[in-house]
Amino acid sequence: VKENWYLLIPLLVLVYLLFSGRTPLFSGMVGVALTAIVILGSAIILKVQSFGLRCAFWIALGILCTGFFQLGIGVIFAVIAVLVVGCGLIKGGHETLTICLHALVEGARHAVPVGIACALVGIIIGVVSLTGVASTFAGYILAIGRDNLLLSLILTMITCLVLGMGIPTIPNYIITSSIAAPALLELGVPLIVSHMFVFYFGILADLTPPVALACFAAAPIAKETGFKISLWAVRIALAGFVIPFMAVYNPALMLQGDNLWMTAYMLIKTLLAVGLWGMASTGYLLRKMPLWERLLSVAAGALLVVALPLTDELGFALGIVVILQHVWRSRRAELALP
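For the sequence shown, this note's numbering assigns the number 1 to the initial residue and increments by one for each residue that follows.
Bear in mind the hints are in silico, worked out from the structure with no lab data behind them. Cβ coordinates follow ideal geometry from the N, Cα and C atoms, glycine included. Among the hints, a few may not be true.
As the list claims (entries may be wrong) - No farther apart than 20 Å at their CA atoms in a straight line, the calculated lysine to aspartate or glutamate pairs in the EDC-like style are these:
hint	residue 1	residue 2
1	47	95
2	288	334
3	269	313
4	269	312
Unchecked claim - Label-pair restraints from in silico Cβ distances:
hint	residue 1	residue 2	range
5	186	332	53 to 61 Å
6	257	106	35 to 43 Å
7	110	335	57 to 65 Å
Please work from the sequences and hints to get the whole structure.
This is how it looks when you write it as structure tokens:
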């Protein structure tokens, strides 16, 4: 990481562009272009010993790349062409160009199944759109959401769990985001949050019965039935089902907004809520939990999820009390042992 940290630059820029509101297509194009520029540029300048020349090179390259926003994609192509010529003229540059060529081949090879998946999903989306299923579903969600956002979210969750059954990741996202996400957008849920909400539950379909592909794949290893494993998987992952709801009610959990303190607060709150729900679903922390402790854990976790006045304070207080008394009871039981 210390030697190749600069290779993270395209990824960081990609994430920044996505969260700043740029389209995925635009962000992906910039990320790919920056990847090529960073690899070719590093092959040239890393052979220079002077730190000052290295800094000047990267600053100049960065200034040239920013011209893309004013002059268009031609600037990027020109920069890449110059770097390719430069790599061809230096020692070891041909190896870098060969690696880039192999990367292009691998990228094209991996893009084929994605393209096939998109084509197949396009048929499904076309049928859904032409028959009016998508608009009808969105209408129902909007009608319910005007009176009860929570109920709309629950219906959307169930729909995504059904739509995601037995479908690979990329088609899963395309289907759920095209059918379920628009309704959440109309209800005022931010773009990133609404898409993550539907995608999250679309992926969770892999462990929810009756399909639960991941569980049936694990069945031969565990020497159990896939259905039984799926029930245990849902029980263990129960705490994870509440995270998207918390993100909808407070988008700061997904870095939406400028208040970093609120983001940190939401992170702490979510960790505690997930921990409490995990304790309740598994029935264990330091030792086996009695029923009343599990019920109190559920109540504390629910208070942290519900976005109402004083619920956070009550949830934090009840959750801390439950954890502290459980630790105290466990320590006392250990001391009582001979």
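Hint check against the structure, violated hint numbers in rising order: none
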